[in-house]
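Trainee: Sequence:
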Amino acid sequence: MSLTILAVDDSRTIRDMLKLALTEAGFTLHLAEDGMHGLEVLEGIAPDAIISDINMPRLDGFGFIEAVRGQDRHRGTPILVLTTESAPELKARARAAGATGWIVKPFDPPKLVKALQMVTG
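If you're matching positions, the sequence shown starts at 1078 in our numbering and goes up one per residue.
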């Protein structure tokens, strides 16, 4: 099953790692450098799931998730937060914004692929 994923992260290294892990799993990947860029990319695609960092310039992950959830066509799109943060209050804030799940960096590629398959299945 080929999934279309939008990954939003300001770290080039993380974007490269995601690209490697997800294209190897057969996914179609669209990348964005921050929340504002993510919203721009999102206008042209209909992803099966979205991966978002929290700490980003211009528009952080919380603002990005809220903006995505504010669009009717993306109300039900699964959003996984991928971040170095692990504080419970940040997880709660991400859930309140509309995040589906939380993965702490550095991520394990097979686990990430499995998580994406679970939230989209």
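These are calculated hints, taken from the structure and not from any lab test.
Treat the numbers as computed from the prediction; the structure is a model and nothing was measured.
Treat the hints with care, as some may be off.
Unchecked claim - In silico lysine to aspartate or glutamate, DMTMM-like type, Cα no more than 25 Å apart, as pairs:
hint, residue 1, residue 2
1, Lys1096, Glu1166
2, Lys1188, Glu1110
3, Lys1188, Glu1120
4, Lys1191, Glu1110
5, Lys1096, Glu1110
6, Lys1188, Glu1162
7, Lys1182, Glu1166
8, Lys1188, Asp1093
9, Lys1168, Asp1149
10, Lys1168, Asp1125
11, Lys1096, Glu1162
12, Lys1168, Asp1185
13, Lys1168, Glu1101
14, Lys1191, Asp1093
15, Lys1182, Glu1101
16, Lys1188, Glu1117
17, Lys1188, Asp1087
18, Lys1188, Glu1166
19, Lys1096, Asp1185
20, Lys1168, Glu1110
21, Lys1168, Glu1143
22, Lys1191, Glu1162
23, Lys1182, Asp1087
24, Lys1182, Glu1162
25, Lys1191, Asp1087
26, Lys1182, Asp1149
27, Lys1191, Asp1125
28, Lys1182, Glu1143
29, Lys1096, Asp1137
30, Lys1188, Glu1101
31, Lys1182, Asp1093
32, Lys1182, Asp1137
33, Lys1096, Glu1120
34, Lys1188, Asp1149
35, Lys1168, Asp1137
Trainee: Give a verdict on every hint.
Mentor: Do the hints match the structure? See the list:
1. Lys1096 to Glu1166: Violated. Lysine 1096 to glutamate 1166 sits at ~29 Å, over the 25 Å cutoff.
2. Lys1188 to Glu1110: holds (23 Å)
3. Lys1188 to Glu1120: violated (28 Å)
4. Lys1191 to Glu1110: holds (24 Å)
5. Lys1096 to Glu1110: Between lysine 1096 and glutamate 1110 the Cα gap is close to 13 Å, so the pair holds against 25 Å.
6. Lys1188 to Glu1162: Holds, because 18 Å separates the two Cα atoms, which is no more than 25 Å.
7. Lys1182 to Glu1166: Distance of about 17 Å is within 25 Å: holds.
8. Lys1188 to Asp1093: holds (17 Å)
9. Lys1168 to Asp1149: holds (24 Å)
10. Lys1168 to Asp1125: Judged against 25 Å, a Cα distance of about 22 Å means the pair holds.
11. Lys1096 to Glu1162: Since the Cα atoms of lysine 1096 and glutamate 1162 sit roughly 21 Å apart, the hinted pair holds (cutoff 25 Å).
12. Lys1168 to Asp1185: holds (19 Å)
13. Lys1168 to Glu1101: Roughly 29 Å between the alpha carbons, so the hint for lysine 1168 and glutamate 1101 is violated.
14. Lys1191 to Asp1093: holds (19 Å)
15. Lys1182 to Glu1101: holds (19 Å)
16. Lys1188 to Glu1117: violated (28 Å)
17. Lys1188 to Asp1087: holds (22 Å)
18. Lys1188 to Glu1166: holds (24 Å)
19. Lys1096 to Asp1185: The hint holds at about 13 Å.
20. Lys1168 to Glu1110: holds (22 Å)
21. Lys1168 to Glu1143: Distance of about 14 Å is within 25 Å: holds.
22. Lys1191 to Glu1162: The given pair, whose Cα atoms are some 21 Å apart, holds under the 25 Å limit.
23. Lys1182 to Asp1087: At roughly 13 Å apart (the allowed maximum being 25 Å), aspartate 1087 and lysine 1182 satisfy the hint.
24. Lys1182 to Glu1162: Between lysine 1182 and glutamate 1162 the Cα gap is close to 8 Å, so the pair holds against 25 Å.
25. Lys1191 to Asp1087: The given pair, whose Cα atoms are some 23 Å apart, holds under the 25 Å limit.
26. Lys1182 to Asp1149: violated (30 Å)
27. Lys1191 to Asp1125: Roughly 14 Å between the alpha carbons, so the hint for lysine 1191 and aspartate 1125 holds.
28. Lys1182 to Glu1143: holds (22 Å)
29. Lys1096 to Asp1137: holds (21 Å)
30. Lys1188 to Glu1101: holds (13 Å)
31. Lys1182 to Asp1093: With Cα atoms ~14 Å apart, lysine 1182 and aspartate 1093 stay inside 25 Å; holds.
32. Lys1182 to Asp1137: holds (17 Å)
33. Lys1096 to Glu1120: holds (20 Å)
34. Lys1188 to Asp1149: violated (29 Å)
35. Lys1168 to Asp1137: Given pair lysine 1168, aspartate 1137 holds - Cα atoms ~14 Å apart, limit 25 Å.
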